[in-house]
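Whole structure, please, built from the sequences with the hints as guidance.
Sequences listed follow chains A and B, in order.
All letters in the first sequence, in the order written, are residues 1 to 258 by the UniProt record's numbering.
All letters in the second sequence, in the order written, are residues 1 to 258 by the UniProt record's numbering.
Hints in this document: simulated from the structure, not taken from any laboratory.
Among the hints, erroneous ones may be present.
Just a sample of chain B residues kept apart from chain A, beta carbon distances all over 10 angstroms, derived [said to hold, decoys possible]:
1) R31
2) Q93
3) R99
4) Q137
5) D173
6) V199
7) H224
8) E226
9) P247
Computed footprint of chain B on chain A; a stretch qualifies when at least three of its residues, placed anywhere within it, have a C-beta under 8 angstroms from a C-beta of chain B [said to hold, decoys possible]:
10) 34 to 40
11) 51 to 57
Backbone N, C-alpha and C fix where the C-beta goes; we use that ideal spot for every residue, glycine too.
There are 2 protein chains.
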Amino acid sequence: MATNAQDILMLFGDSITQGAWEPGLDPLGQRLSHVYARKLDVLNRGLSGYNTDWALPVFEQCIQKHPSPQASKIRILTIWFGANDACIRPSPQHVPLERFKENLRKMVQMVKSPNSEFFSPGTRVILLTPPPVNTHQRRADLESRNPPLALDRLFEGTRSYAEAVLEIGNEQDVTTVDVWTLIWEAVNRDEAVLDQFLVDGLHLNSAGYQIVYEQLDETIRKRHPEVHHENIPPTFPLWADINWNNPNESLYVNKMAH
Amino acid sequence: MATNAQDILMLFGDSITQGAWEPGLDPLGQRLSHVYARKLDVLNRGLSGYNTDWALPVFEQCIQKHPSPQASKIRILTIWFGANDACIRPSPQHVPLERFKENLRKMVQMVKSPNSEFFSPGTRVILLTPPPVNTHQRRADLESRNPPLALDRLFEGTRSYAEAVLEIGNEQDVTTVDVWTLIWEAVNRDEAVLDQFLVDGLHLNSAGYQIVYEQLDETIRKRHPEVHHENIPPTFPLWADINWNNPNESLYVNKMAH
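Spelled out as structure tokens, the structure:
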């Protein structure tokens, strides 16, 4: 048994995406799942620990080549990397800045280039920059482990990967949510108090996910209003809109009845 | 662009299912989305206000007839109704008890009968009973509205719909999670203190969803261990399991590479 799914909002990224349904945080994925209920299926395509080198072969397995007209469409696709690519050598997660940009460019062009097998002009792609790193918090977290680990990311390093995302967004004309700057400005540019928005110096806490959710929601509303949750009708009618005397008439939805 | 989705855990039901990603509650759907991340996609097929009469035509649009072998499979399907069917006349939501049972029987047989176009022997179906109603709390909520509304559900009414779910589960040999009894026993059979588990006399609060999540998780672990989240490998490897020198070898997953 398979499903005639609704259309899709796909969140593609690393652990900051994978963890976006974590209990206790009211995080990004949960909030999107809530507001898009009965409108789009919000799919978790977060890959904890992945950099863009490893994510690229996964990406092309998560989307379909030459889909049939009845297939579920990805209406919104967020691409959120950089946190792991920015690891410092000799971490196997490190991806050099130029290759990081090339990888992001490939992902975007797979969807946006008319020459791509995956070309999908109806998909709104949104890039996100990684959050700033609090190296004090991150170092303490890594040193508390057994065995203790050395600091693996630098503040300025992640900043340059965030800037690279903005550069690719600009170059490829793709909407970008600048999480790095949002959070950096929210702490008045003081690394030491980034723990207001981070659990462990790297991953977002509840306040961090909330600021990202609000900005993403506002960005969709302004830049892509046709896929904002308030502007998508429910796949099946609200119960008060059902014709109670002849319900089947209102309950069969053409698109899905194939 | 469409998606090569993972396999699916589908939650089909009324508002108690639809609201299962609500911020502030850490509810059932969110928790399942978290533990099944990178394993199954948890789809919200909750329909606020719906009874089983209206849900039946939707159900057959949410699942596929004669799916292709590559299509995503519904590995787990929860069916959770009764809260609205139990409304008292003249509510348009009311469904007589015998027809409620017949509707549930049809849903189960659509999936489990070899004669059904939707036959899916690999899908584990799990029925849930509706939670008990706190008529004190529900009456106060309805009377506070503008204009005030009369009480629409009775404690004993919902109890008989919960018993009907158990009866169909038993008759059809389908695993059933008895939410009604779980919560009733947790309040020592005292309707007046059901607000420990209900927001408004009808819908679950955080403690209510938690008790349901824990029981469902335990039920899957015992009755259907092959689809318990701890026993499903991630669709794509954990980052430490990637062959860092030759990543593509480990990152192309046969099932999805079509």
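Quick rundown of the hints versus the structure:
1. Residue-level check failed: R31/B sits 6 angstroms from the nearest beta carbon of chain A, not beyond 10 angstroms.
2. Distance check on Q93/B: its Cβ comes as close as 7 angstroms (rounded) to a Cβ of chain A, failing to clear the 10 angstroms threshold; non-interface status is violated.
3. Every C-beta of chain A lies more than 10 angstroms from that of R99/B, the closest at about 13 angstroms, which supports listing it as non-interface.
4. With a minimum CB-CB distance of about 22 angstroms to chain A, Q137/B clears the 10 angstroms threshold, and the non-interface call stands.
5. Distance to chain A confirms D173/B as a non-interface residue, since its nearest Cβ pair spans about 18 angstroms, more than 10 angstroms.
6. At the 10 angstroms boundary, the C-beta of V199/B stays outside the reach of chain A, the nearest C-beta of that chain being 15 angstroms off.
7. Under the 10 angstroms C-beta cut-off, the non-interface status given to H224/B relative to chain A holds; the minimum distance is some 15 angstroms.
8. Consistency note on E226/B: stated as away from chain A, and its beta-carbon is indeed over 10 angstroms from all of that chain's, at 16 angstroms minimum.
9. For P247/B, the shortest C-beta to C-beta distance to chain A comes to about 5 angstroms, within the 10 angstroms cut-off, and the non-interface label is violated.
10. For the region 34 to 40 of chain A, the proposed coverage by chain B is satisfied: 3 residues have a C-beta within less than 8 angstroms of a C-beta in that chain, meeting the threshold of three.
11. A count of 3 residues in the region 51 to 57 of chain A with a Cβ less than 8 angstroms from any Cβ of chain B is obtained; the coverage claim is therefore met, three being the minimum.
Of the numbered hints stated above, those contradicted by the structure are hints 1, 2 and 9, listed in ascending order.
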